[in-house]
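Trainee: So you can see what is in the structure, the chains are spelled out below.
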Amino acid sequence: MTTRSASPAAKVYREPAVEPRSRAPRRRRHTLPWRRLLAPYVFVLPFVLVFLAFSVYPLFFTLRLSFTDWHGSGAAHWIGFDNYRYLLTSNGFWASLGNSGVLWLLIVPAQLVLAVLVAVLLNAIKRLRGFYRVAFVVPFVTPLVAVAQIWIVLFDQDNGAVNAMLGAVGLPPVGWLVTSGWAKPTLALLFLWKTTGFVVLIVLSGLQQIDRGLYEAAALDGAGRTRQLWSITVPLLRRSLMFSLVLQTLAVFQMFAEPYVVTKGGPYTSTTTAGLYLYNHITRADLGTGAANSFLLVIVVMAVSLLFVRLLRAED
Amino acid sequence: MNPTLRRSGRTARLRVRRGGVAAAATLLVAGLSGCGPDISSDGPAADNAVLQAPSEDSPKGEITVWDRSGDLYKVFDSAIKKFTAKYPGVTVKHEAVDIDSKLQNTLITGTDVPDGVFLDDAKVGRYVSHLWNLKDVLAPYTKDIAKQKVDVNTVGGGIYGVPFDLDPGLLFYNAKALSAAGIDPNGIKTYDDLLAAAKKYQQFKPGAKPIHLEQDAFNSQLQLEMFASQLGTGLAGPDGKLRLNSPQYHQILTWLDTVRKEGLGTRAEYLKPSDVGALDSADEVFYPWAIWFDFAPQQQLTASKGDWRAMPLPAWTAGGARSGAMGGSSFVIPKDAKNPKLAWLLYRFLMFDQAGYTAVYGPNAVYPGGLNTSVPAYLPAADPAKPLFRPIDAMGGQDVWKTAVEAGREIPGGAPIPAWWSGAVDYLGTDLQKMLDGTLTPQQVIDKAGQDIQTNLIDRK
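First to last, the protein sequences are chains A and B. Take 4 as the starting number for the first sequence in my numbering and just add one per residue. Take 56 as the starting number for the second sequence in my numbering and just add one per residue.
Think of the hints as simulated: they come from the structure by calculation, not from any bench. Small disclaimer: the values here were computed from a predicted structure and weren't measured. Be aware that a few hints might be false.
Claimed, not checked - Examples of chain A residues toward chain B, derived with CB under 8 Å:
1) G77
2) V121
3) Q152
4) D161
5) N162
6) D214
7) Y271
8) N283
9) R287
Glycine included, C-beta positions come from ideal geometry on N, C-alpha and C.
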């Protein structure tokens, strides 16, 4: 067996270097391994401290809170799983999850299809490519409250532009924001308009990873554009799509500002999303129940996300 | 050495090291989770601290007070300048803050707690354990403050807010449209009279839905409470017990349901485009609402601007009270304030000193005609003969001050606001909306909302 340390050549080579010329280099050689060992920890320490203070600590504090009846003042009494029991038997909690689930169905599949189509088109465009890419991201960076106000005006039942257009072609007005049947699709449309540009960016970056040679080879084999889309683009975009899927699932289940500003969770709590329901507990100082609600939400979102990740692995 | 064994040795060491790091992190986090806001003692809740007035002749110090941003902030800002002119030793840091989103966390953590906060009456009850009891400092003024305002700031015998405004309910009506229909608004004395006038108007203008039926859950509950306060009741009694299942609420809900059933109501959210459209087209001509509706003719209505007037609300029974309170705000002083006595001095000046309340309600740079969306809760300041704001041009030059102040004096007391009031909107506000859409009866609203409020709010306190 030969190792580097046992090699005679190495011994011959090392001899002069080992000979100390002064005391200083020897000290440096002794401290160097410690420095090397500690350096990475020192470099990551600021992040670890911030992470502990602002992520891990609040997480554990919230966990502790979820087993108490604390209302923001006075003593918190340990009540075991009572908050969880209350939520799991409460119609409001399940209705809020149901609302988020329906919004997910209305938003995420449509958004992924739309994002792929738009990204493919943007990739193919040669002129003004930069302009169009920016144009698609503009809704994402527009303040939500401004967008929400526009939505309120556009979709007003009596004086909104959308109903005016329907009226122009002889259709009856629709109670977009004031009927429980239409409020969710209208809110989903707002979310789609606001965030699809972001998903397009992710898909676009995935598109640019695909080897152009694959398309040339497919074209030589006689595959048309549609065939190339289904057989090359979509399968190779799978990772980008899964990433977007998980990200948007999180976003939909945390959706708060849109219903808060546009519908205030109504009509009849039909747009009270899981995020808004959680907020309602916190604002009425029912902090223990709010904490328990947030953990139940984490479990649900984590389960759904893990399911998607598993699907991705199975495909691989 | 066998490479496999060496690898497994490394893996074991790695596991031990990882386990050590994980254990250390867990210990650290477990230790940390014991820190933060104090949730382990009964201290603040049990301590019913009563504030005393400052004794110094020339008080000195700095206070921070929070107000809502917008026009009211500017009004208070100019009034505070008058306060600092009177008390040159006091510096006031006046901050425009999103109080709803900041106050709860600030009070819980005790960090950067302001000395005084402008707060909706409906929210005072939620924070009493963090606030000074102002019973003693308010004692010289209490008998001269509208009873309704004292009641909404009273919890367990303590008074936790310096009453600011009284928001009397009034019946706003489109005088020009009613005149064209041959309806004399002075004949509307009761809610039955209002129904009859609405029917007559509808005959004059088919398709019109003359009475406003609120479509927002929060505002509809607020309006319901205005009607209830007119009858001397409210969602909860002084003992905290729910009073929803009562003849008064049944009467109010039945009346609202009748407006719906007979097609006399416009379903719209307060001053949203649908509402403004119906008001401007004179399809909606009766608006039972708080005095702050007068903002609409001044700022939002165009076609019907100048046509609107205000009168006291109709009574529920002939000779009954002609107004109820809808909304309102007060000033609270947190226990963790650095200079609570100086904060009291400021609020005493603004509300009970003629120079102060004149600066707030009288003509100023923001409102040249005076602040006319509410009236003072301090009765000596609310003298019908000494208006603080001028007649309103957009209301046809009507002296709304006199109407509102006189209506305000009819508001019965005895309607405290429970800490869970805003939470009840999810149940009562929502069920009320269902009734106005025709899917619940008044009794079903009372039963269902009552049970939900009891289970989800009262029992969980």
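Trainee: For each hint, tell me whether it holds in the structure or not.
Mentor: Tested hints:
1. Satisfaction of the interface hint for G77 of chain A is found here, the shortest Cβ-Cβ separation to chain B being roughly 3 Å, below the 8 Å cut-off.
2. With 8 Å as the threshold, the beta carbon of V121 of chain A stays out of range of chain B, its nearest partner Cβ sitting at about 32 Å, so the hint is violated.
3. Proximity of Q152 of chain A to chain B is violated relative to the hint, the smallest CB-CB distance being about 11 Å (cut-off 8 Å).
4. Below 8 Å, beta-carbon pairs count as interface contacts, and D161 of chain A has one with chain B at about 4 Å; its hint therefore holds.
5. A least Cβ separation of about 4 Å between N162 of chain A and chain B falls short of the 8 Å threshold, and the interface hint therefore holds.
6. The restraint placing D214 of chain A at the interface with chain B is violated, with a minimum CB-CB distance near 37 Å, outside the 8 Å limit.
7. The closest approach between the C-beta of Y271 of chain A and any C-beta of chain B is roughly 6 Å, which is under the 8 Å cut-off, so the hint is satisfied.
8. The criterion of a C-beta within 8 Å of any C-beta in chain B is met by N283 of chain A, whose closest approach is roughly 7 Å, and the hint holds.
9. The beta carbon of R287 of chain A comes within 4 Å of a beta carbon in chain B, closer than 8 Å, and the hint placing it at the interface holds.
In this structure, the earlier hints numbered 2, 3 and 6 are contradicted, and the remaining ones agree with it.
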